[in-house]
Amino acid sequence: SLKRIFFIKTTYLYPAIILQNSNLRSFMFQRLLKTTLILTLLSSLSLFAKDVSAYFTSKYRDEASLTKLLNSADFEVLGSYKLDRRGNFTTIVFTSKELQALSQKKNREFFAIGRAIINSKSNEVRISNPCYFGMAFLQDDFAKTEVQAITKKLKNLFGDLTATTETVEDDDLGSYRFSFGMPYYEDMVVVAKGKDLVSKVKDPIFSVSLPNGSTIIGVELERKTKKFPKKIGIENGLLLPYAVLIEGEEAKILDPRYYLAVSYPNLSMGDFMKIASIPDAINKDIENQFK
103 SLKRIFFIKT TYLYPAIILQ NSNLRSFMFQ RLLKTTLILT LLSSLSLFAK
153 DVSAYFTSKY RDEASLTKLL NSADFEVLGS YKLDRRGNFT TIVFTSKELQ
203 ALSQKKNREF FAIGRAIINS KSNEVRISNP CYFGMAFLQD DFAKTEVQAI
253 TKKLKNLFGD LTATTETVED DDLGSYRFSF GMPYYEDMVV VAKGKDLVSK
303 VKDPIFSVSL PNGSTIIGVE LERKTKKFPK KIGIENGLLL PYAVLIEGEE
353 AKILDPRYYL AVSYPNLSMG DFMKIASIPD AINKDIENQF K
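Going by the numbering used here, the sequence shown opens with residue 103, and the numbers climb by one from there.
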């Protein structure tokens, strides 16, 4: 029978051929050795990967004090935004010449802005880590020495920055996505096309013109949409107001499914399901701002 022939071949014939053929034996050994070396290399690379925190925390400062501190070190505060009605959580958006200099290439401009949040409930300030978002937003253009210099500048300025537990391994940030089938950084959403796009947005929270001719504006989401940080952790709601990149006659945003995930690296699938409708709502809200 076919089963018996297969059994004889696999049990007796094929091993015998391999043993009798020195070339084949050598080939099999080399393949095994190569596979072992590759697995060892991958294992060693994973051992050397470092966790990078998305945020730092510092002692509490009110909006005026934080703005003054950032401005004193040549960080330009672009605007502020209250995440809740009581004003317990206020985000601060800032930029600098150093941040902008590293964001000159196409689709790298989102790194030009930094963010902080004033949390009066837990009496702390939380600030985005330039190294974390640099690896994520600059992709292959990440300039380690220059970005580390910005991080060091912030650490010296605040004096007490402590890394949070929201981390991603450094070798994963460039290709980060929430899960299989989800968007990467470069999978941006085009929300509008046409001329004079900047002027179409009424009352942006902030606006900054970059040296390469692009503009980043911060927009407010609709009332129902903008409440989502309360469901998954308002202390990490630094991604609001949502940033829109305008390059020429095209306006685009980071896909919310990517941006929410990279801003909340500890987000579980259960948490993501709590805000399952939010990504589409964000896209729609921002598209409407250009109509």
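Be a bit skeptical, because a hint or two may be false.
Below, a list of computed lysine-lysine pairs in the DSSO-like style, where the Cα atoms sit at most 30 Å apart [stated by the list, open to error]:
1. LYS161 / LYS207
2. LYS223 / LYS333
3. LYS170 / LYS246
4. LYS208 / LYS393
Derived from the structure by calculation, the hints contain no laboratory data.
Here the structure is a predicted model, which means the values were calculated and not measured.
(message) Going through the numbered hints above, which ones does this structure break? Give me the numbers in ascending order.
(response) The structure conflicts with hint 1 only, although it agrees with all the remaining ones.
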